[in-house]
Structures are given as structure tokens and as C-alpha cells.
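K.L.:
Sequence order for the protein chains is A and B.
Going by our numbering, the letters in the first sequence line up with residues 140 to 434, in that order.
Going by our numbering, the letters in the second sequence line up with residues 28 to 363, in that order.
Treat the hints as calculated values from the structure; they're not laboratory data.
Computed from a predicted model, the values in this text were never measured in an experiment.
Hints are not guaranteed to be accurate.
Simulated restraints on C-beta separations [to be verified]:
#: 1; chain 1: A; residue 1: Ala-427; chain 2: B; residue 2: Phe-169; range: 25 to 31 Å
#: 2; chain 1: B; residue 1: Gly-358; chain 2: A; residue 2: Ala-318; range: 45 to 51 Å
#: 3; chain 1: A; residue 1: Asn-287; chain 2: B; residue 2: Tyr-73; range: 58 to 64 Å
Far from chain A, by Cβ distances over 10 Å, these chain B residues were calculated [as the list claims (entries may be wrong)]:
#: 4; residue: Pro-44
#: 5; residue: Pro-48
#: 6; residue: Ile-53
#: 7; residue: Leu-62
#: 8; residue: Leu-66
#: 9; residue: Leu-128
#: 10; residue: His-190
#: 11; residue: Leu-208
#: 12; residue: Val-217
#: 13; residue: Arg-220
#: 14; residue: Leu-338
#: 15; residue: Arg-352
#: 16; residue: Arg-356
Derived list of chain B stretches under chain A, where covered just means 3 residues or more per stretch with a C-beta under 8 Å from a C-beta of chain A [what the hints assert, rightly or not]:
#: 17; stretch: 67-78
#: 18; stretch: 149-160
#: 19; stretch: 163-169
#: 20; stretch: 321-327
Glycine included, every Cβ here is placed at the ideal spot set by N, Cα and C.
Chain residues, written in single-letter form:
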Amino acid sequence: MTMIFGIPLQAFMGQLLIGLINGSFYALLSLGLAVIFGLLRVINFAHGAQYMLGAFAALLLAMYGGVSYWVALLLAPVIVGLTAAVVEKTMLSRLYKLDHLYGLLFTFGLALVIEGTFRYFFGASGKPYPAPSALSGASNLGFMVLPNYRGWVVVASLAVCIATWALIERTKLGAYLRAATENPSLVQAFGINVPLLLTLTYALGAGLAAFAGVLAAPIYQVSPLMGSNIIIVVFAVVVVGGMGSIMGAIVTGYLLGIAEGLTKVFYPEASNIVIFVIMAIVLILRPAGLFGKDV
Amino acid sequence: MAHAHSNPEATAGTDAPAPHPQAARIRIAIVLALLMLALIAPLGVYPIFLMKLLCFALFAAAFNLLLGYTGLLSFGHAAFFGGSAYFTAHAAKVWGFTPELAILTGVIGAAGLGLVIGLIALRRQGIYFTMITLALAQMFYFFCLQAGFTHGEDGIQSVPRGHLFGLIDLSHTLTMYYFVLAVFLIGILVIWRFVNSPFGMILKSIRENENRAISLGYSVTRYKLGAFVMSAALAGLAGGMKALVFQFATLTDVTWQMSGEVVLMTLLGGIGTLLGPVFGAGLIVTLQNYLATSNFPVTIITGLVFMVCVLLFRRGLVGEFYASRLGRRLGFNPEN
Numbered sequence: 140m141t142m143i144f145g146i147p148l149q150a151f152m153g154q155l156l157i158g159l160i161n162g163s164f165y166a167l168l169s170l171g172l173a174v175i176f177g178l179l180r181v182i183n184f185a186h187g188a189q190y191m192l193g194a195f196a197a198l199l200l201a202m203y204g205g206v207s208y209w210v211a212l213l214l215a216p217v218i219v220g221l222t223a224a225v226v227e228k229t230m231l232s233r234l235y236k237l238d239h240l241y242g243l244l245f246t247f248g249l250a251l252v253i254e255g256t257f258r259y260f261f262g263a264s265g266k267p268y269p270a271p272s273a274l275s276g277a278s279n280l281g282f283m284v285l286p287n288y289r290g291w292v293v294v295a296s297l298a299v300c301i302a303t304w305a306l307i308e309r310t311k312l313g314a315y316l317r318a319a320t321e322n323p324s325l326v327q328a329f330g331i332n333v334p335l336l337l338t339l340t341y342a343l344g345a346g347l348a349a350f351a352g353v354l355a356a357p358i359y360q361v362s363p364l365m366g367s368n369i370i371i372v373v374f375a376v377v378v379v380g381g382m383g384s385i386m387g388a389i390v391t392g393y394l395l396g397i398a399e400g401l402t403k404v405f406y407p408e409a410s411n412i413v414i415f416v417i418m419a420i421v422l423i424l425r426p427a428g429l430f431g432k433d434v
Numbered sequence: 028m029a030h031a032h033s034n035p036e037a038t039a040g041t042d043a044p045a046p047h048p049q050a051a052r053i054r055i056a057i058v059l060a061l062l063m064l065a066l067i068a069p070l071g072v073y074p075i076f077l078m079k080l081l082c083f084a085l086f087a088a089a090f091n092l093l094l095g096y097t098g099l100l101s102f103g104h105a106a107f108f109g110g111s112a113y114f115t116a117h118a119a120k121v122w123g124f125t126p127e128l129a130i131l132t133g134v135i136g137a138a139g140l141g142l143v144i145g146l147i148a149l150r151r152q153g154i155y156f157t158m159i160t161l162a163l164a165q166m167f168y169f170f171c172l173q174a175g176f177t178h179g180e181d182g183i184q185s186v187p188r189g190h191l192f193g194l195i196d197l198s199h200t201l202t203m204y205y206f207v208l209a210v211f212l213i214g215i216l217v218i219w220r221f222v223n224s225p226f227g228m229i230l231k232s233i234r235e236n237e238n239r240a241i242s243l244g245y246s247v248t249r250y251k252l253g254a255f256v257m258s259a260a261l262a263g264l265a266g267g268m269k270a271l272v273f274q275f276a277t278l279t280d281v282t283w284q285m286s287g288e289v290v291l292m293t294l295l296g297g298i299g300t301l302l303g304p305v306f307g308a309g310l311i312v313t314l315q316n317y318l319a320t321s322n323f324p325v326t327i328i329t330g331l332v333f334m335v336c337v338l339l340f341r342r343g344l345v346g347e348f349y350a351s352r353l354g355r356r357l358g359f360n361p362e363n
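The following block holds chain A by itself, in its conformation from the complex (with noise of 0.2 Å):
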């Protein structure tokens, strides 16, 4: 058998597709919370709650819509974003001219009142949400056995990065969203719409992590929990990644994963904790972040 650093070649590469899965969900949800930070200059703690509200509306969507998991793809997402949209139009919108640890601690009730609500009609335990039949089985690749979701998983929050980057860097409306992070009176002044271009943003970061929630639900099973026990990870991430960049969020997002998964092959007892040590190390050594311009 192959061994790499003393370390089958099989499990070697089984913890690393596994951090890579981590780590797509970490750059998924790192990269909503930077646009939304990026303009809102709001931390979403409820980014959590809404990554599980994705993976609940996949699974109630099924049980009660027979909806099939390609279309919950795309409608849980927008379900989310549409619940975000309301949120910040009627709620968060009010706390934008405070400071802004009262738009964390706004979210963080939110987080509390979503969890708990569902908590209290579906119970703690996970339940199982099956991946969609084209996608069962697995794709011997010669060094390792992969299982085909596993695989689509890396190569979907891939393509959503990537598109959510060009979508900000590349088009008018990403132009606009930039401009308003900017200066955001300056842009209105243009006859731009800034409090849409705030709602959308919201929506935007909430469906991400919704489309992150359905991605997740057929590897980890759908529980009231899933968000509350990621989010914090995913903290430490944005304050390695620096939350000024894009690109940043969701490099950072991909080898922290990767680096969690690495830890429980040489070391297991460190791999809950190694993120923020991670995370600690970089703050002594470089403040601002890895990305991160401003302190």
C-alpha cells in the first residue's frame, strides 16, 4: 500500500476530500458573510440559522412538495433570501446608522428565535435527507474511492464562489455594490438606489448560505443545530481571511478546511481546536489577516 508521511495513501486522501468538503461549506458561508459585512458593515450571526433554514427548506420542500433536490437547489436559496429581505427591511435597516455591534447582537437574537423555533417542532436529532439518485454511488479514481456527491459538492460551492466573484468584481451591479461600500451617500447621489442595493445584498448573503444548507443536507443530516455549530468556525475564518476581500473570504475558507482535515489524520485530538489556533497564530503574527488590508 501506498503511504504518505507514514499515513495510508487511502486515508490520507479520504480526511483531505473531507476537509475540502468543510472547506467549501467554510468558503460558502465566509463568502456571504463578507458581502454583507463588506456593505452592511453588519456581522450576520444569524449566517448560521439561515444556512440550516436552506438545509430545512430542501427537506421540508421534499416531504410535503415531493420537490426534488435540483430544484430546491435553486428555490431554497431564494425562500431564504425573500425571509432575509423582509428582515432587513423591517428590522436590521433601522440599527444602520448605530454602531455596529448592535446589527450583531440584532442577529444573534434572530439566530436564537429561528433555532429555537425549529427546535421546538422538529426536535434536536438530525434526520436524514437522501442525495439525489444522479449522484449515489461512487467513482473509483485510481489513489482513492470518491463519492460522486462528495465530488459535485467541491465542484458546486466552486462554481458559486467563483460566480459570486465575478458577480461583485465583474458586473455593473457588483460595480454599484462596491461603489456604495465605498461611500454610500455619494452613490445615492447618483440617483442609485442604495436601500435596495442594501436589501439585495442581504438577501444575496442569505441565500448563499441557504444554497450552502442544501448542499450540506444529504452529507450531514439536517438538524435545528447544523448552523449554530458551524458559524463560530466560520468566525474564526473571516478573522484569519480578513473580511476586505472577496477572493479573501473564500481562499481562506478552502485551506482552512483542508487544514482541519490534514489535523485529523496526524494529530485527531486537535482537529476541533486547530482552526483557532490557526486563527490565533495569524493574529499574533499579522493582525489584519492574511487578505485583510485595514486593522
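Add chain B to chain A, keeping to what the hints say.
P.N.:
Just chain B, lined up with the frame of chain A:
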């Protein structure tokens, strides 16, 4: 942050009403009445509940030292509260320390933890600071989950309360209550003294205008670190007491939910007021006690209270009273 100055509405009522002629006496009377209430409360209310309330009130007051007077929002204070509970429980049970020494162990442990977390988190400001404290506290949670001395999911159970100074038996509930009350009052006095010291004044100046404080020659990071460690140590004092009151230390006290709870208590009572966190803690603990018997999840209520507080009354209950006409006539200063 989170201070009247950042509220646009706060500056609305600048016309100060005429002070009440007996304002100072009434303020002293209110404090004395609250003290009397605390002394006779165990006659009417279940003492364990009261002790729990005092522990959380001190915890929230310690947290407020940082948020209200320095403007730093920590989302990781459970690490100090729960960490100290573990240290205290371990010292009392395994090392056989007397209660005051066991609590001291917890306080020193929490202060050390505060020093490490503070040093790392203060490398960044504002919202990043908050996320870093949350992440580091979560790391401490995983440490507690896996470390041997904490006994994982079981926690440290049947911790002896012991004899205070080797003399006074704390296993009597009432004796324990007055001990907890005394520690609580000492803690509040320390916070009051700290806030009104020159050190506390510099902290307030950092909260109001950090750049100004820097230009005046203060090394703000050192002052912030001082406040952080102080807050961590006092949170540790509260956590250590809780471990002795309930005679166990578990993972619940180091979770991020606990960090969120103390933020809520402070926000609900009034950020930056001495009594606000005490009232906020009282309300939340009572609410939890009330809901504990029903199967309705507390988190929904907690979350709703959070949202309502942030949207509608950011000064909190005590802060609103201070800012009201009556409060200002009695000479309560919402700025302090």
C-alpha cells in the same frame, strides 16, 4: 460602543430638569432599601434561587465593566465564568482547599485565561475583537470537553462547600447565602471603585474617543487589557461561587450560549450602569426559572428579548429609568 452617546435619541432631552431637593438622600435610601431587601430575601424566596441570581448578577456586572465602561463587546465571557467554576471545583474537591482559597484559585485561573485571550483578541478592534473572543472561548470549550480534570460531559460533581476559613460551615444554605451575598457586594464595590478611579476615567475616555486618548499619550491597549483581565477575574469570582453553590461545574457554563446570555442580561438591564446588569440578570434568571417547567424553549424568548432590546430600548431598563425625567431629577447620571 453601546452607549448613550452612540444613540441619536440620547441627546434629545438635554434640558436638565430641576434636581429634586432631597436627591442625594433618596439615592442613598434606594441603595439601602435594596440592601435590606437582599438581607431579608431568603425569608420569602428559595435561597438557592437567590444565590444563582447573585452569581449571575455579579457575572453580568463584571461583563459590563468591559462593555459599558470600556466599550469592548466580548462574546467569550463564558470561558472565564465556566473556567473558574472548573478551577474552583477542582481545587475544592481534589486538592481539598477551603472555599475562599478554592474561589481564589478560580479567580486567578480566570484572570490568567483573560490575560491570554485579551492579549490575542486586542490585536484587532470592534467587530473583529468580538468574533475573536467568541472563537477563543469556543476553543476553551473544546479544551474543557477533552481535558481530563473536567470529566467531559459529566463535569465535576459533588463539590464540597467546605468550611469558610476552616471555621464556618457553608453546608447550611442560609450561611452560604450570606457568604454569597457578601462576596457579591464586595465584587460590586470593587467594580464601583474601579469605574470611578483614574484608571476607570481613562477607560471611559477610550470608549468615547480612542484616538484622542492615544494622542494624549495613553497606551490604550494596555488599559484595555487591564480592563479585560479585571473583568475576567470578576467573572471568575462569580463562576467560582456558582460552582460552590450548586456543588458542580459543567460544560453548560463554558458554552457560547452562556456568553450570549450575559450579553443579554447587561443589554436588558442597561449597558454602562452599575445596577443595570444586576436587574437584567434577575429578570433573565427568573424567566428561565419560570420557563424551566414548561417545554417551551427558552431560546425563543431570549432571542425575542434580544431583538426587542436592540430595536426599541437600547438603554435597557435601568438606563431608561436613569434617562427619564424622574431619574434625572433624582440625580442619576445615565452617562455613568
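K.L.:
Taking the hints in turn, state whether each one holds.
P.N.:
Status of the hints after comparison with the structure:
1. Ala-427(A) <-> Phe-169(B): 25 to 31 Å: holds (26 Å)
2. Gly-358(B) <-> Ala-318(A): 45 to 51 Å: Roughly 49 Å apart at Cβ, these two residues keep to the hinted range, so it holds.
3. Asn-287(A) <-> Tyr-73(B): 58 to 64 Å: holds (59 Å)
4. Pro-44: Given that every Cβ of chain A is farther than 10 Å from that of Pro-44(B), nearest at about 27 Å, it holds.
5. Pro-48: The assertion about Pro-48(B) holds, with a minimum of 37 Å to chain A.
6. Ile-53: holds (33 Å)
7. Leu-62: Since the minimum Cβ distance to chain A is about 32 Å, Leu-62(B) lies beyond 10 Å and the statement holds.
8. Leu-66: holds (35 Å)
9. Leu-128: holds (31 Å)
10. His-190: holds (39 Å)
11. Leu-208: holds (31 Å)
12. Val-217: holds (26 Å)
13. Arg-220: holds (27 Å)
14. Leu-338: violated (6 Å)
15. Arg-352: Holds: least Cβ distance 24 Å, greater than 10 Å.
16. Arg-356: holds (28 Å)
17. 67-78: Not satisfied, violated; 0 residues make the cut.
18. 149-160: holds (count 9)
19. 163-169: The restraint on the stretch 163-169 of chain B holds, since 4 of its residues have a Cβ under 8 Å from chain A and three suffice.
20. 321-327: Holds: 5 residues of the stretch 321-327 of chain B have a Cβ under 8 Å from chain A.
Hint compliance for this structure: hints 14 and 17 are broken, all remaining hints hold.
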